[in-house]
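Going down the list, the sequences are from chains V and L.
Heads up, the first sequence is in our numbering, so the first residue is 1 and it goes up one at a time.
Heads up, the second sequence is in our numbering, so the first residue is 1 and it goes up one at a time.
Honestly, I wouldn't trust all of these hints.
Stated by the list, open to error - In silico DSS-like cross-links for lysine-lysine, where the CA-CA straight-line distance does not exceed 30 Å: (1) V:Lys210 / L:Lys210; (2) V:Lys163 / L:Lys163; (3) V:Lys163 / L:Lys23.
To be verified - Here are some chain L residues pointing at chain V (derived, C-beta under 8 Å): (4) Met93; (5) Gly147; (6) Gly248; (7) Ile260; (8) Trp263.
Hint data in this document are derived by calculation from the structure and do not stem from the laboratory.
Ideal placement from N, C-alpha and C gives every residue a C-beta, glycine not left out.
2 protein chains.
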Amino acid sequence: MKPIQKEITITGKDNPVVRHYRKLRDQKKIRQDEKLFVIEGLRIVRDALQYPYLVKQVFVTETAWVRHAGIMDFALREPVQMIHITDNIGELMTDTEHTQGVFAVCRVPEPKSVPELLSPDGKYLVLCQIQDPGNLGMILRTCDALGVDAVFTTGCCERYSPKVIRATMGSVFRVPVADMPNALNLLTTLRECGIRSYAAVLSDKAKSLKECRPGCGCAVWIGNEGNGLPESISNNCEYHVRIPMQGGAESLNAAMAAGILTWEMMNCQE
Amino acid sequence: MKPIQKEITITGKDNPVVRHYRKLRDQKKIRQDEKLFVIEGLRIVRDALQYPYLVKQVFVTETAWVRHAGIMDFALREPVQMIHITDNIGELMTDTEHTQGVFAVCRVPEPKSVPELLSPDGKYLVLCQIQDPGNLGMILRTCDALGVDAVFTTGCCERYSPKVIRATMGSVFRVPVADMPNALNLLTTLRECGIRSYAAVLSDKAKSLKECRPGCGCAVWIGNEGNGLPESISNNCEYHVRIPMQGGAESLNAAMAAGILTWEMMNCQE
Chain V
1 MKPIQKEITI
11 TGKDNPVVRH
21 YRKLRDQKKI
31 RQDEKLFVIE
41 GLRIVRDALQ
51 YPYLVKQVFV
61 TETAWVRHAG
71 IMDFALREPV
81 QMIHITDNIG
91 ELMTDTEHTQ
101 GVFAVCRVPE
111 PKSVPELLSP
121 DGKYLVLCQI
131 QDPGNLGMIL
141 RTCDALGVDA
151 VFTTGCCERY
161 SPKVIRATMG
171 SVFRVPVADM
181 PNALNLLTTL
191 RECGIRSYAA
201 VLSDKAKSLK
211 ECRPGCGCAV
221 WIGNEGNGLP
231 ESISNNCEYH
241 VRIPMQGGAE
251 SLNAAMAAGI
261 LTWEMMNCQE
Chain L
1 MKPIQKEITI
11 TGKDNPVVRH
21 YRKLRDQKKI
31 RQDEKLFVIE
41 GLRIVRDALQ
51 YPYLVKQVFV
61 TETAWVRHAG
71 IMDFALREPV
81 QMIHITDNIG
91 ELMTDTEHTQ
101 GVFAVCRVPE
111 PKSVPELLSP
121 DGKYLVLCQI
131 QDPGNLGMIL
141 RTCDALGVDA
151 VFTTGCCERY
161 SPKVIRATMG
171 SVFRVPVADM
181 PNALNLLTTL
191 RECGIRSYAA
201 VLSDKAKSLK
211 ECRPGCGCAV
221 WIGNEGNGLP
231 ESISNNCEYH
241 VRIPMQGGAE
251 SLNAAMAAGI
261 LTWEMMNCQE
């Protein structure tokens, strides 16, 4: 067992460590400059502590310390800084209505390179300009549960914002994700690796998902909530696929569409 | 073409009609007592006006009136009260960051009776204690798109709250939904009608959705986000079904699980 790096107690709400946590929580620029992000909740902090070098600091309120017996057990395994805080400070730090009083600052993992993530029989999801943090988080959670090999994002909302993290329920630590600067280049890279791209579209001209199922060696492309995929992308994908709709709704929520397409892709053995 | 019932202009922010709208927006009790709810946005108001006797009042800001040429066309078809408001009043009424300046007060439709909704070869979704408005709205939108025959809710969050309405994207007007006071009674009623109930559970003992597909004459039961279905319900369902998971996530978001199960049910012809 590795020792705790340092154990401190903070009682002042103006303490710079607390101020730093709140800046990381609220400001994308600080998160990106420092390559750090914050998480909140007993379960997700426990989750995070299973990954080496992910967690930098753990904050626990007095009440949480009493309530969750053995809370130290999970922190002891990693050399993290354990910080005891008052309940009042917990209220300043929380992003929820009823805080559990457990928080952490984590390091953004080093991104994997695209070649590391690709294999010719892999199954991938590509997200273009997904803007709603709840949607992005839900998609990552779904990809984790269903076992997608990797997710690529281009022009999406920030993956390490508190709203996305919360919606992932810890999947953000598990699903391999790469942010790509250029969607068209990614399309080319996928093709060179023998991976076929399926553009999810609403057009009646597209094939129904019942007839045209992505499977091994495929990437499903999902577009923005309001506008779908850019034409420059969908025009260059090998296939156009639509989820057949019988009712009056004109479209599914982007996360739901991603989930159903992913479910079909994962179940296709071809 | 029916005439507009009445056309008025409101410039004072303390006007009782505006105050009433805001109460309906913010207070569940007022919505339930008066059997009214509010909607916001050009598209959903247009949608609502296609249904007879649904819309009571339409509010349009000066800017919206100029921007959306022909905005009257859609209001003219129904005898609604058309109310012109200033942009400042629109800012008071909105529930979004950037309002389109179009609002309406709608009447809660008379609920259909259960026998009206049931047929022995129908396909149904039952929601028990879904508490997140975004989830409930997304599920209703998905059921509309995929063509579920009816949705039953028991102990869920309020269907006519602005957050649910927004997430449905208009599907709230289209999907037949019945609120049931007692889940066990509903289970019995379904059984008496020859409809088999499938409890969505996480247990490994349940059959995988790949082996056990709900189809015609089936109802899929989805439980609460944190706790799943009450045992009193799942123990009495004919089948237990789980969505097979390969990754590290312990569960899917409740709306996503509902969507994937519904997708499979709608595609099953048996």
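Each hint, compared with the structure:
1. V:Lys210 / L:Lys210: 16 Å, holds
2. V:Lys163 / L:Lys163: 17 Å, holds
3. V:Lys163 / L:Lys23: 28 Å, holds
4. Met93: 23 Å, violated
5. Gly147: Holds, because the Cβ-Cβ distance from L:Gly147 to chain V comes to roughly 3 Å (cut-off 8 Å).
6. Gly248: 4 Å, holds
7. Ile260: 5 Å, holds
8. Trp263: 5 Å, holds
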